[in-house]
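Q: Residues per chain are reported as follows:
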Amino acid sequence: DAKTTQPPSMDCAEGRAANLPCNHSTISGNEYVYWYRQIHSQGPQYIIHGLKNNETNEMASLIITEDRKSSTLILPHATLRDTAVYYCIVSANTDKLIFGTGTRLQVFP
Amino acid sequence: EAGVTQFPSHSVIEKGQTVTLRCDPISGHDNLYWYRRVMGKEIKFLLHFVKESKQDESGMPNNRFLAERTGGTYSTLKVQPAELEDSGVYFCASSQDRGIPLLFFGSGTQLSVL
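One line per chain: the protein sequences are A and B, in this order.
For the first sequence, the working numbering begins at -3 and goes up steadily by one.
For the second sequence, the working numbering begins at 300 and goes up steadily by one.
Bear in mind the hints are in silico, worked out from the structure with no lab data behind them.
Glycine residues also receive a C-beta, built at the ideal position from the N, C-alpha and C atoms.
Hints are supplied without guarantee of correctness; some may be wrong.
To be verified - List time: in silico DSSO-like cross-link candidates among lysine-lysine, alpha-carbon distance up to 30 Å:
1. A:K(-1) to B:K340
2. A:K48 to B:K377
3. B:K314 to A:K(-1)
4. B:K340 to A:K65
Unchecked claim - Take a look, some chain A residues computed to stay more than 12 Å from chain B by CB distance:
5. M6
6. D7
7. C8
8. E10
9. S21
10. Q41
11. H45
12. I59
13. D63
14. K65
15. S66
16. T68
17. I70
18. T75
19. D78
20. P105
Can you make the complete structure from the sequences, with help from the hints?
A: Here's what the structure looks like:
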């Protein structure tokens, strides 16, 4: 079973920041937080990952709370092409990735 | 650099027939994973190869599914005989051996069993 809890759906206006929350209260010390997304009919796409520090790349930022029990994925300027299902996954180094139900993000004009 | 490629993109077969799906990982990626998504359900892990060895096959649903990765390059997933409940999208992913599973997924094979 997935070890994370995410809201089933969210809306965001184009050009605004999309903040997607994830709870992972049972995360272990050696488990990373990963974010993937699946745009309709495509394979899942890696976005970002982190252990305990905040991370940023060209796609998004990942904010992890100090106790590591929750995190937020931030898409700074959402576009219509960011409409997708976003998956928050926790996994140790050598584990497989277990996908949950994710958050369906709808970006509207 | 080419990504993960899967063949075919779509397959329609009748119940009882055999289907073989192929996955070509990114060159140099030792880790290869198979996942599938059946209608209305979550993306489920099937198995994980490290080179030609099966590291974890705990997600394989039953013995009608056979995965191989001869030579540690491409992989095949054969379903024999196919059943109606096998319909879904089968995804392949690969990753380098860097100690953390950063997976790159293919576009999937849509399998329809009639």
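Q: Hint by hint, note whether the structure agrees.
A: Comparing the hints with the structure gives:
no.: 1; hint: A:K(-1) to B:K340; result: holds (17 Å)
no.: 2; hint: A:K48 to B:K377; result: violated (40 Å)
no.: 3; hint: B:K314 to A:K(-1); result: violated (35 Å)
no.: 4; hint: B:K340 to A:K65; result: holds (26 Å)
no.: 5; hint: M6; result: holds (18 Å)
no.: 6; hint: D7; result: holds (22 Å)
no.: 7; hint: C8; result: holds (23 Å)
no.: 8; hint: E10; result: holds (26 Å)
no.: 9; hint: S21; result: holds (20 Å)
no.: 10; hint: Q41; result: violated (7 Å)
no.: 11; hint: H45; result: violated (7 Å)
no.: 12; hint: I59; result: holds (19 Å)
no.: 13; hint: D63; result: holds (22 Å)
no.: 14; hint: K65; result: holds (21 Å)
no.: 15; hint: S66; result: holds (21 Å)
no.: 16; hint: T68; result: holds (20 Å)
no.: 17; hint: I70; result: holds (20 Å)
no.: 18; hint: T75; result: holds (21 Å)
no.: 19; hint: D78; result: holds (18 Å)
no.: 20; hint: P105; result: holds (27 Å)
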